[in-house]
Amino acid sequence: MLRILAVGAEGGGSGGLLHGIRQWVGEGGVEIEAAPDLPRAVRQLGTGRWHVVVAVLGEHADDDLAWWVDTLRGATAAPRLIAVAHGPSMGLVLRAEKLGVLDVLPLPVRREDFLRALRRARPITEAAVTLPVVEPHAVGEYALVGQSPAMLDVYRLVARVAPSTATVLVQGESGTGKEVVARAIHINGPVSSGAFVAVNCAAIPENLLESELFGHEKGAFTGAVMRKIGRFEQAVGGTLFLDEIADMSLALQAKILRAVQEREIERVGGTDTIPVDVRLIAATNRDLKEAIKQGRFREDLYYRLAVVLIRLPRLGERGEDLLLLTAYFVRQFAERYGKQIHSISDRALELLRNHAWVGNVRELRNVIERAVIVATDDVLRAEHLPEEFRGEEATLPDRPEGALLTLAEVEARHITRVLTQTNGQIGAAAEILGIHRNTLTRKMKEYGL
Amino acid sequence: MTPPLPPVRVEKALALLPDVEALGPLRALLVSISRPDERALWSSSGPYLTLGKRGVQPEELRRRMPQAFHVITEHLQTLYRAYVEALECQQRGDGAGAVAALVRAGRGEERVGRLSQARAWYDVALRVSQALQDRRPEVESLRSLGELFLRLGQYAEGARHFQRALAIAEAEFDQPGAIAACEGLGDAALAQSQWTGAQAWYARGLRLATAGGDQRQIGRLERDLGVLARHQGDSTVAGEHLRKARECFESVDAAEEMAGLLNTQGQLEAQLGRPQAASGAYREALAWLQRAPRDAGLEVSIRLNLAELHLEAGRFLDGEEEMRRAEQVAIAGNLTGRLVQIYTLMGKLRGRQLDETGFVFFEQAIELSRMLEPSPTTEAQVYVEYGLFRERLGQREEARAYLERARELYGSVGDAADRRRVEAELEKMTA
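As given, the protein sequences belong to chains A and B, one line each in that order.
Here the working numbering is used: the first residue of the first sequence is 248, the next is one more, and so on.
Here the working numbering is used: the first residue of the second sequence is -2, the next is one more, and so on.
Source of the hints: derived by calculation from the structure; they are not laboratory data.
Warning: the hint list may mix true and false statements.
Computed spacing ranges between beta-carbons, pair by pair [what the hints assert, rightly or not]:
#1 B:311 with A:291: 20 to 30 Å
#2 B:428 with A:291: 44 to 54 Å
#3 A:547 with B:64: 41 to 51 Å
#4 B:64 with A:678: 33 to 43 Å
#5 A:336 with B:130: 52 to 62 Å
#6 B:167 with A:355: 34 to 44 Å
#7 A:338 with B:77: 33 to 43 Å
Values in this document were obtained by computation on a predicted structure and should not be read as measured data.
Ideal Cβ placement from N, Cα and C applies to all residues, glycine included.
Put together the whole structure using the sequences plus the hints.
Right under this line is the structure:
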């Protein structure tokens, strides 16, 4: 049973939309309820599971759209949205597309447009693949999961460098697992019985970083109410991991250099020299050589840190590791949230494979956690992925069954996609599509884009 | 071609900006146009992103400068026009009109967070009103001053002004003035945890409002009584008052009041351990707010309550998302006070995850609270949570230092209940 909640569709302003919807969908397998306004809609959404919300947007359509997307995200079973607006602007349509809204329909709503949008919401039978069982080299909460050639190279390097006490610089884009590798080196190294102390240099305000690293004496500055032992001292006999090292000021870099070279530090406001015997691992997502050229990073510190350099691959370079990592995270979060998920639909996997993964493994982990939370049965499906993935769904080939599109629909969707890419610039879009801009404008009008 | 320079961090940009009053709108613009560094969003420092770590492009600031000039001009126009109007009123012997214009200017100052300036306007208004035959303008001036003192956390001073307003209003048969004064006195008592006093004032206000029949006013006082009962832990009475308030507001379709009321309703449901109902109330509050004139402060408050609900249920991911949405609203609306609350809650979240780096949120909250007009209560709230955060991480000495600071701050404003709560925490720590 498909449950539809129509909001603001009763009044004259909606052109008798509710009446139309009732006629168009018939009675079989669809339940329709109406809510006159937003507050009452929210109350009704709280009463059970809804699959689709048809909402008539008000005067401030952009605001209303954002509000609905936000609200439905928090509702049970995350219903899909069909937005209806008076003369929707191109910007509104593009934003809606990005946010995974099923469709934005202009008033008065045409039967075929509504049914087309509704077809996209109907659950369809999808083929699914069983998630592989992952045997990770478990390292703390995260894990080194992956069998791609690029990762095998990393493992080899980690195995070689870990037994020494050499300083290591781990380089890689955000979310590629630099701290995971640092922990792996620590655990498999000679100081594994000592502490692993991680400091995120970019997270800590610049004025506090020095005291965080080196500690301070009581009264060293306003607010220094007691002596503080810094991270260098905390890591004695273990490993100090300095993450995002490029974000440090030059003055602080000089102090780090001294600590690395002399193996001793001074607390802020203190006069005693304190020996610090620590293994140092640093990490960065920046190109330090470029930073050196720009005068933002000390060359001498770079060479002190990069005794061994480990470069981590982007998720996009790791091929089938994506499936392994997905399986690993699904199992991890299914356990945490008390779910039983054993497989992933072809479509969801395809969406994951097509995604750009700017945040690499960290982003994947986040996406899977969110998907596991909203999943309702034992298969992870495309609709469990975040809204922006739903937007990307339009770029996938047509669905295997139940929703074959007409040529006009394909054309309309393709035009929308190109316009999304060109940020609504008609000239640029016409060039990509290989048609005159007047033709494009005409087609946009025709398809109500 | 030279690549564009990276944006300047807000912490650095603000450090470069002298604490000069005339630069307030520039500071506000700088904050509202700041953006998170795209590269940082997925980096390991991404989850710790605060206002100070956002970036701002000087060129964009230059481009948007006219916006700041416009705000300044508009504000000055409001003030100057109000003054000229007051002058004209005085010329034609309309003292009440002069006071109204002066009070309006004060309200304008309050809207942009210039509380000391607002006080200066209200003081003049009060002085003018005291020379008038008609004493209603004096009630209005006293009430405005009372509300201002409550905003500043000077509850006793606020109560003193409301007390005077009430005495005059009753003598003058100024019923709206008397109701407002009763409500103010109730608020002052509530803020100082004087439950009996608050109950008496709100009830008195409600009796007057009921006699007048204004549904909006009745609704407000019923809501106040509901809030009070919730603080006292009497959920049945609280629920009953909130239900009555809802009836009143619904009957006049008061969207903003409905949003505020449902926010309180959500807090009550959460207190009763009914997270589902609480979440429903908060979501409905956001829906009402969508129909009301934009009130970013209330939106942030609702979203923070929603985030706290997620936090209590261990849904950290949802909680963090809600806090980030609140942060976005607060930054766009330049609501520094709200940012203090947001970062305090973010720090609390990290404490739950035993994440030591979470201290950065408290540090940011403290720094921001220093940018505001002094509000000991706000600062104390940060120190309490900072102390509890340190305690969770086993850093007892630091925890104690922060809690002692909070106790001191609560003591300075006479907030006995919160002071006792902090003392209880300190005792627990000693035990």
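Hint by hint, work out which the structure violates, then give me just those numbers in ascending order.
-> Violated hint (a single one): 6; every other hint is consistent with the structure.
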